[in-house]
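Please model the entire structure based on the sequences and the hints provided.
Chains as they are written, first to last, in this note's numbering: chain A, 5 to 252; chain B, 944 to 1003.
FYI, nobody ran anything at the bench for these hints, they're computed from the structure.
Be aware that a few hints might be false.
[As the list claims (entries may be wrong)] EDC-like cross-link-like pairs, simulated, lysine to aspartate or glutamate; straight-line CA separation at most 20 Å:
no., chain 1, residue 1, chain 2, residue 2
1, B, K982, A, E248
2, B, K982, B, D1000
3, B, K987, A, E247
[Said to hold, decoys possible] Partial selection, computed: residues in chain A whose CB lies under 7 Å from chain B:
no., residue
4, R63
5, S120
6, T138
7, S227
8, A234
These numbers were taken from a predicted model, which means no experiment stands behind them.
Idealized CB from N, CA, C, for every residue including glycine.
Here is what each chain is made of, one letter per residue.
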Amino acid sequence: MFKWFVKWFHRFGSPPYFYRLAGLWLPWLTGLFTILVVAGLYGGLVLAPTDYQQGESYRIIFVHVPAAWMSMFIYMVMASCGIIILVWRMKLAEVVLSCAAPIGASFTFLALVTGSLWGKPMWGTYWVWDARLTSELILLFLYLGIMGLYGAIDDKRVAGRAVAILAIVGMVNIPIIHYSVEWWNSLHQGPTVTKFDKPSIVWSMLWPLLTMALAFKVYFVISLFQRVRAELLHRERNTRWVEELVKS
Amino acid sequence: MSLSEFFNMGGYAVFVWSSYALTLVLLVLNWFLPYQQHKQNLRKLKRQFRQDNRNNDSRT
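Here you go:
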C-alpha cells in the first residue's frame, strides 16, 4: 500500500503527467462546479427563508462564509506544499504553491469586502479593528507577501524554497483567525457550523451554504489547474515533453 | 414572492447584490486570466518551435 502510494506520488508529481491529467479533469470539474453553483444559489437566494433578525441581508452569508473558509483552506494547501518543497524538493509543489497564492488572495479579499458589506447594515460600520477582521487582513498581506517574494527572486528553485518557509511560518495565523471570535471580544459572531456542537443554523440555510462551499472548492481546483498548466509550460519550455506537446 | 421583491432583498439590495457581483467578477477573472495565459504560452511555444525548425532547415 505504502509502496503504491509512493509510486503514485512520484508519478503525480511529474510535470508532464500532471499537465495531461489536469487537462483531462478540467471539463468535468467545470461541469460539476456549474451544477453546484446553480443549486447553491437557488437554495440560498430563493429557497432559504428570511432570517428573523437580519432580514434578507443575511444572504451575503452564502458567499461570505465559503470565501472565508477558502481563504484558510488555500493557505493550508500552500503550507502543505511548503513542507513538501522543503522535504522532497518537489518542483510541482513549488508551482502549485505559487499558483495558489493569487487565488487565495482573491478569496481573502472577497471575504473581507463581503464582510464589510454585511457589517454596514448589521453592525453599523464597514470596518472595526477587532481580532477576526484584523487577523483576516493579515492573511491577505501574507498572500501578497508570498506573491511578491516569489516574483522578486529570479531563480525559481530558490524562490520556491523562500516562499515555502514564509508559507509555513505564516501558518500560525490560521488558528488565530479561527479562534479569534472566542479568545477576544468581537462584533463578529461566533462559529455556527465549524464547531463540535450541532451547527446552530437551520437545515434550509445550511445546505445551500455547504453547497456553495463545495462549489468554491471545486472552483479553486479549476483555477489552480489552469494556472499550473500555464506555468508548467513556461517553466519546462526547454524540456522534451513540452517540445513533443508543441509538435503535435 | 414577486421578481421586484426578490431584487429588492428587503431593502438590502445594495449590500447583497454588490457582494454577489464582486464574487462573480473575481471568479470570472481567476478563471479567464489563467485560461488566456495558458493559451498564450502554448501559442508562443508553437511559434518558437516553427522558427527553430525553419532555421535548422535553412542551415542544412
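Taking the hints in turn, this is what the structure says about them:
no.: 1; hint: B/K982 <-> A/E248; in the structure: holds, 17 Å
no.: 2; hint: B/K982 <-> B/D1000; in the structure: violated, 27 Å
no.: 3; hint: B/K987 <-> A/E247; in the structure: holds, 12 Å
no.: 4; hint: R63; in the structure: holds, 5 Å
no.: 5; hint: S120; in the structure: violated, 9 Å
no.: 6; hint: T138; in the structure: violated, 21 Å
no.: 7; hint: S227; in the structure: holds, 5 Å
no.: 8; hint: A234; in the structure: holds, 4 Å
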